[in-house]
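Peer 1: In the order they appear, the protein sequences are chains A and B. Each position in the first sequence, counted from 1, maps to that position plus 63 in our numbering. Each position in the second sequence, counted from 1, maps to that position plus 8 in our numbering.
The reader is advised that the hints may include incorrect statements.
No more than 30 angstroms apart at the CA atoms, straight line, and that leaves these computed lysine-lysine pairs for DSS-like [to be verified]:
{"id": "1", "chain 1": "A", "residue 1": "252", "chain 2": "B", "residue 2": "303"}
{"id": "2", "chain 1": "B", "residue 1": "424", "chain 2": "A", "residue 2": "193"}
{"id": "3", "chain 1": "B", "residue 1": "17", "chain 2": "B", "residue 2": "52"}
Stretch-level coverage of chain A by chain B, calculated; a stretch enters the list once three of its residues show a Cβ under 8 angstroms from a Cβ in chain B [what the hints assert, rightly or not]:
{"id": "4", "region": "120-127"}
{"id": "5", "region": "195-207"}
Which chain B residues face chain A? A few, computed with CB under 10 angstroms, are given here [as the list claims (entries may be wrong)]:
{"id": "6", "residue": "42"}
{"id": "7", "residue": "108"}
{"id": "8", "residue": "225"}
{"id": "9", "residue": "268"}
{"id": "10", "residue": "384"}
{"id": "11", "residue": "386"}
{"id": "12", "residue": "406"}
{"id": "13", "residue": "427"}
{"id": "14", "residue": "429"}
{"id": "15", "residue": "431"}
Treat the hints as calculated values from the structure; they're not laboratory data. Ideal placement from N, C-alpha and C gives every residue a C-beta, glycine not left out.
Single-letter residue listing:
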Amino acid sequence: MGSRSSHAAVIPDGDSIRRETGFSQASLLRLHHRFRALDRNKKGYLSRMDLQQIGALAVNPLGDRIIESFFPDGSQRVDFPGFVRVLAHFRPVEDEDTETQDPKKPEPLNSRRNKLHYAFQLYDLDRDGKTSRHEMLQVLRLMVGVQVTEEQLENIADRTVQEADEDGDGAVSFVEFTKSLEKMDVEQKMSIRILK
Amino acid sequence: MEGAELAGKILSTWLTLVLGFILLPSVFGVSLGISEIYMKILVKTLEWATIRIEKGTPKESILKNSASIGIIQRDESPMEKGLSGLRGRDFELSDVFYFSKKGLEAIVEDEVTQRFSSEELVSWNLLTRTNVNFQYISLRLTMVWVLGVIVRYCVLLPLRVTLAFIGISLLVIGATLVGQLPDSSLKNWLSELVHLTCCRICVRALSGTIHYHNKQYRPQKGGICVANHTSPIDVLILTTDGCYAMVGQVHGGLMGIIQRAMVKACPHVWFERSEMKDRHLVTKRLKEHIADKKKLPILIFPEGTCINNTSVMMFKKGSFEIGGTIHPVAIKYNPQFGDAFWNSSKYNMVSYLLRMMTSWAIVCDVWYMPPMTREEGEDAVQFANRVKSAIAIQGGLTELPWDGGLKRAKVKDIFKEEQQKNYSKMIVGNGSLS
């Protein structure tokens with residue numbers, strides 16, 4: 064009886080997860096502890112319902128989209144590596160990441176491009192690489208609930224897509240999304256620092 | 009033959025000692041000071057252990073152990089600031105950053121879920137169950153820990169189980185006997201005596217040390233006593249210092265026997281499972297109870313569930329609609345000596361009681377507070393929040409607006425609508441869009 068701390072040996076594939084996500088050993092332990100706390104029935108994976116139980120997430124206007132981002136490809140479960148992979152997008156960018164990259168290694172999950180891609184995914188409902196006006200409308204509706212009329216929302220969606228759309232196809236692609244946010248300090252706005 | 013005689017002799021000496029040192033003083037409410045000496049030794053030992061640990065671990069790990077601070081660096085600015093705009097600004101594609109960050113922060117750490125696991129201690133108290141991050145330090149410390157285990161399991165546990173057994177049996181027998189008497193002040197006095205004696209025995213069964221503050225505000229007859237809820241032991245702690253009428257569901261088994269015996273001696277309010285659902289019936293019966301000024305004050309825990317004693321969650325308004333005077337009571341346990349929190353999803357009642365009986369001790373403070381009544385123009389929810397704040401401040405606990413039932417059910421849509429409303433106000437603003 065009693066609670067035991069999770070040691071590195073207990074986290075399966077701990078080393079490969081560390082390499083892939085760049086989290087430190089201590090952070091990974093904290094996240095594993097958290098994963099197990101969220102996994103109430105000790106299933107070994109998280110379902111959508113486990114994440115919906117988090118009060119502060121359930122009231123977040125984008126809560127549903129964020130929960131979806133943990134379940135790519137229509138799966139119903141997310142295991143610990145999957146969990147950490149999403150969180151890795153929010154790892155603060157440290158100096159060691161921006162030093163000249165080994166071109167053979169894949170881009171780190173917390174690079175500017177990958178952070179932007181995560182944000183883009185929240186809009187791109189059908190994951191086709193483009194956010195159409197219709198998708199924009201749906202996401203906006205999620206964020207405002209019943210507080211805004213259909214007309215007002217359509218105006219907002221139209222304006223947003225028009226401003227960002229460059230090739231006139233009526234949708235915002237990832238490249239256009241990136242371009243419209245090139246002046247934004249993405250690294251700072253999309254970072255969560257885990258205190259050791 | 010000889011072996012049996014010897015065993016018999018040991019048993020009888022043991023029982024006489026127990027009787028003399030513990031049971032008799034309980035009847036008269038007198039303390040022999042044995043617990044105080046035990047506590048002093050315990051405190052000294054734990055202090056020594058803490059110093060050894062601090063000497064042993066390198067500096068960085070000590071910082072890691074300050075677990076009451078969150079694990080992520082939070083930027084608590086409100087939505088307006090976080091979205092870098094003034095009211096009436098338009099929707100931007102980048103708004104998604106703020107919400108996704110807040111969402112992911114909640115996934116890594118949220119205020120509510122952490123209230124349903126036991127509080128992490130800053131320094132180890134020689135119990136394995138609280139050993140989250142502590143490593144092997146020295147041989148001496150391990151020896152002390154082993155000694156601690158032996159003391160707790162082989163000396164304290166049998167003693168405590170005996171006491172608990174005696175306490176409960178006395179309660180059932182005593183209450184039934186008193187129940188045979190006709191209603192009179194003698195009956196009330198006797199039932200109080202039985203009640204208090206058995207509660208004191210049970211508290212000693214847990215090595216409980218309780219400090220009562222502000223006894224002048226102790227709940228009076230015809231009032232309602234509300235307190236924050238951490239474990240079933242809360243009831244024991246409060247009834248040791250006064251008699252209350254309990255409110256609750258009728259259970260089967262041992263609890264049912266105790267309940268039926270208690271209700272013979274003095275009126276408690278027990279509901280059948282089906283009756284609990286009917287809120288009007290519940291309110292009616294409680295109103296009847298407090299209208300009778302001769303009846304004992306009702307004890308209610310408005311949170312509805314056990315919280316880990318670091319915060320106070322939403323008080324359900326039902327108890328505050330009955331009317332009458334509310335006597336708030338704050339209960340704060342000292343986690344250094346034993347963790348009293350009952351995590352009902354992790355442990356069932358029996359393993360919980362076993363954990364309690366193998367802890368060092370249960371130490372807590374109880375503060376009685378001045379009575380409060382509902383003011384003009386205040387509805388039940390506001391009144392409930394007022395009482396909740398008062399209890400939180402007195403007990404040094406944080407206050408959370410969330411419903412304790414969240415650990416089992418989903419959050420109400422109304423909270424989400426509030427967030428949506430805030431955001432809509434920002435992007436639609438004064439209604440002008442170009």
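Peer 1: Of all the hints given earlier, name the ones this structure violates by number, lowest first.
Peer 2: 1, 3, 6, 8, 9, 10, 11, 12
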